[in-house]
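If you read the sequences in order, they're chains P and E.
Take any residue in the first sequence, note its place counting from 1, add 2, and you have its number in my numbering.
Take any residue in the second sequence, note its place counting from 1, add 1, and you have its number in my numbering.
Be aware that one or more of the hints could be misleading.
BS3-like mimics (lysine-lysine), calculated; alpha carbons at most 27 Å apart, straight line [to be verified]:
1) E:LYS32 <-> P:LYS378
2) E:LYS159 <-> E:LYS198
3) E:LYS159 <-> P:LYS106
4) P:LYS175 <-> P:LYS130
5) P:LYS395 <-> P:LYS303
6) P:LYS378 <-> E:LYS159
7) E:LYS190 <-> P:LYS236
8) P:LYS55 <-> E:LYS89
9) P:LYS55 <-> E:LYS45
10) E:LYS89 <-> P:LYS303
11) E:LYS159 <-> E:LYS89
12) E:LYS57 <-> P:LYS81
13) E:LYS198 <-> P:LYS378
14) E:LYS89 <-> P:LYS194
15) P:LYS81 <-> E:LYS89
16) P:LYS395 <-> P:LYS429
17) E:LYS20 <-> P:LYS472
18) P:LYS81 <-> E:LYS195
19) E:LYS159 <-> P:LYS55
20) P:LYS13 <-> P:LYS395
21) P:LYS109 <-> P:LYS130
22) P:LYS105 <-> P:LYS130
23) P:LYS303 <-> E:LYS195
24) P:LYS81 <-> E:LYS45
25) P:LYS395 <-> E:LYS20
Derived by calculation from the structure, the hints in this document are not laboratory data.
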Amino acid sequence: MAMKIGDKPFKERVSDGIGNSFMRGAVSSAQGRLRSGRLNAAEELGNWEEWRKLGEEIRAHTIENLDYYLELLSENVTKRGGHVFFAETAEEANEYITNVVKKKNGKKVVKSKSMVTEEINLNEALEKAGCEVIESDLGEWILQVDDHDPPSHIVAPALHKNKEQIRDVFRDKLGYDKTEKPEELALFAREKLREEFLQADIGVTGCNFAIAESGTVSLVTNEGNARMVTTIPKTQITVMGMERIVPTWEEMEVLVSMLTRAAVGQKLTSYITALTGPKQEGEVDGPEDFHLVIVDNGRSKILGTAFQSILHCIRCAACINVCPVYRHVGGHSYGSIYPGPVGAVLTPLLGGYEDYKELPYASTLCAACTEACPVKIPLHEHLLRHRQEIVEKEGKAPIFENLSMKAFSMGTASPSMYNIGSKLAPKALGAFAKDDKISDGPGPLKNWTEIREFPAPKKDRFRDLYKKRKKERGK
Amino acid sequence: MMGAGQVYNRNSFLDNLAKNLGRDRRRQVEKPAWNHNPQWDVLKDASPDELVEVLKQQCLRIHTDVHETVSAELPSLIPHLIKEYGGKSVVTWDDPRFDEYGLSGLTGELSGDEIAVHVWDCEVVEENLAFSATADVGITFSDATLAESGTVVLFSDKGKGRAVSLLPVIYFAIIPKSTIVPRMTQVAKQVHDKVEKGEPVPSCVNFISGPSNSADIEMNLIVGVHGPVQAVYIIVDDK
């Protein structure tokens, strides 16, 4: 799957989300848990704001000097015998990776969780080349087994499924015959995937932070699957978005400490694995061959613009976990593998306004995202900036907003128009009102009243009351 | 020494980044001194005993059993624990510390109980993986230990295979007390200093905090997914 998930229009996706009550319950309880995990972890440190300032400093400096640090990284990877491919587009990345796999005569590819390989649609390219591709993150594997159901959260991709649904997927697709207990489901995955790991020729990973000074890639995981993928297969291919880099081990340490706290409230995840090149002479396990693929795919267009700081993102999903809009509409509504506030900023930048102009409006601008961000990205300001650009430069405001803005400007253009409009409102809407409430509104009100009531306009207008009082006082 | 790797498309890619950043390519960048350094404040005045206490408390939270012992007792404690946790096959690193701490006789000691022991052997490549994949217990020493997060840090090397701490169902980490530092900051600095001196970084540095786990099913914590299902730390006074 590429960045885009599904072809349904935005409003349809949203109403699917709002109508899915299991998903909404799961999302709100997950949000609650993840958010309180983050807050507890921050409180335990005591000086979280200091950490955030450091995180921001590190990210800003690194992205401002991205060309330098990427060059240093690639030098150091090659010194250790690894290969580096710079891919400007998804196609270039997929072609290089497919060629490596073909040269190795690879048949079975195991992957650990990686958003960027989803973004470039690597699985499809590999499958076309005749490979079997196996996702090994538990959540992603569940989705893959369920005929490639798209992910709905960047940290917990199968958040929208309950354990009974997962049991049924395993039963229907893989002949699973045990209960829906999470432990039994996980044990089944362990056994199934253990066989795959042991047989795989190629391991593909993402990258949380590459370390420029030593040519290292680090992976942050809990399940141990990324360690499997980088321990057993003979060839390792790591794919990274070009901004996923830090200068030295010291900055890696700081950002990992912040990532695990901001994402799940853990001090560290079970495994932080820092890999430098292929295995060294005399070592038994680890890959013989190591390839690092550095992907642009639209990111460089963001450099030098007012949106540059979105490249500081460390993919913790803290903003997603506090977003009131995400809470109600769920991850699939965003139509992108990057949901929530970060997705609403990033997706239109990578994929263009044509497909994603609604996303910056899927926000209340409450700024909870900005407050939650461990590296202080002003997310809500970026959303507002998007709206400005959509309206001013592109003239592409969503049609509903265009119409209501037109009506509003017509109605407020002159005192007499406003006078007439506000007098008419109670009459015009009176037909829809019952007990001073409108529950089945016309036109633009329909979206609102489908799920809640709208107060009917009062017959007594403020301006009339004001006039009347003034008259009475004047007496 | 292996040959250097290849690099493809670098110049056009990086030129484009510099252009979008509105300047020429940067060939030399001084990393600034950061204005904020809260990481160094964590547990900065803790004594070694206090660090042990912090480590033990954290292990309660990450579902990890902790045993404490003195070095004289270690050779009898390890076989005892292997049996207690029901281990029938054991794989260990080939690491001089096993000898130093009187653990080189494990194989003989356990053979009476029909417990098989495999010591990592870089001469027989496939056997190591095959044995580890079905082993009940994997045992390594910790190269550095982080009190704050309950983490053992393992530096890979010839005798120090990655699979020992990964494939078996139960993982034992022997933690010499002197390896315990406040947090990841100290170890990252140590590796950074190595790089500055031009010394090679291990091909794999693992920071391991307890057993593998997942919350991917309805956000319920499941302990034991692809890596070990159980983690056991044995803290030992130094020789």
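Hints, one by one, checked against the model:
Distance hint between LYS32 (chain E) and LYS378 (chain P) is fulfilled; the C-alpha atoms sit about 20 Å from each other, no more than 27 Å. About 22 Å separates the Cα atoms of LYS159 (chain E) and LYS198 (chain E), which keeps this hinted pair within 27 Å; it holds. Of the pairs offered as hints, the one joining LYS159 (chain E) and LYS106 (chain P) holds, with about 25 Å between alpha carbons and a cut-off of 27 Å not exceeded. Taking the CA atoms of LYS175 (chain P) and LYS130 (chain P), the gap is near 22 Å; set against the 27 Å cutoff, the hint holds.
The hinted pair formed by LYS395 (chain P) and LYS303 (chain P) meets the criterion: a straight-line CA distance of about 17 Å does not exceed 27 Å. At most 27 Å may separate the alpha-carbon atoms for a hinted pair to count; LYS378 (chain P) and LYS159 (chain E) exceed this at roughly 42 Å. Proposed proximity of LYS190 (chain E) and LYS236 (chain P) is contradicted: the alpha carbons are some 31 Å apart, above 27 Å. About 51 Å separates the Cα atoms of LYS55 (chain P) and LYS89 (chain E), which puts this hinted pair outside 27 Å; it is violated.
For the proposed pair LYS55 (chain P) and LYS45 (chain E), the alpha carbon gap of about 20 Å is at most 27 Å, so the pair holds. Distance check on the hinted pair: LYS89 (chain E) and LYS303 (chain P) sit about 58 Å apart at the alpha-carbon level, beyond 27 Å; violated. Proximity of LYS159 (chain E) to LYS89 (chain E) is assessed by CA-CA distance (about 25 Å); at most 27 Å being required, the pair is judged to hold. The hinted pair formed by LYS57 (chain E) and LYS81 (chain P) fails the criterion: a straight-line CA distance of about 40 Å is larger than 27 Å.
Between the alpha carbons of LYS198 (chain E) and LYS378 (chain P) the distance comes to roughly 34 Å, so the proposed pair goes past 27 Å and is violated. The straight-line distance between the Cα atoms of LYS89 (chain E) and LYS194 (chain P) is roughly 23 Å, inside the 27 Å bound, and the hint therefore holds. Between the alpha carbons of LYS81 (chain P) and LYS89 (chain E) the distance comes to roughly 43 Å, so the proposed pair goes past 27 Å and is violated. Of the supplied pair hints, the one linking LYS395 (chain P) and LYS429 (chain P) is violated, its CA atoms being roughly 38 Å apart against a limit of 27 Å.
Between LYS20 (chain E) and LYS472 (chain P) the CA atoms are separated by roughly 65 Å; this puts the pair beyond 27 Å, and the hint is violated. Taken as a hint, the LYS81 (chain P) and LYS195 (chain E) pair is honoured in the structure, with Cα atoms around 16 Å apart against an allowance of 27 Å. Annotation: proposed proximity of LYS159 (chain E) to LYS55 (chain P) is violated, straight-line Cα distance about 41 Å (limit 27 Å). Between the alpha carbons of LYS13 (chain P) and LYS395 (chain P) the distance comes to roughly 24 Å, so the proposed pair stays at or under 27 Å and holds.
Proximity of LYS109 (chain P) to LYS130 (chain P) is assessed by CA-CA distance (about 12 Å); at most 27 Å being required, the pair is judged to hold. This hinted pair checks out: LYS105 (chain P) and LYS130 (chain P) have alpha carbons roughly 15 Å apart, not beyond 27 Å. Taking the CA atoms of LYS303 (chain P) and LYS195 (chain E), the gap is near 36 Å; set against the 27 Å cutoff, the hint is violated. In summary, the hint linking LYS81 (chain P) to LYS45 (chain E) is not supported, as the alpha carbons are separated by about 36 Å, beyond the 27 Å threshold.
Simply put, LYS395 (chain P) and LYS20 (chain E) have alpha-carbon atoms about 23 Å apart, close enough for the 27 Å limit, and the pair holds.
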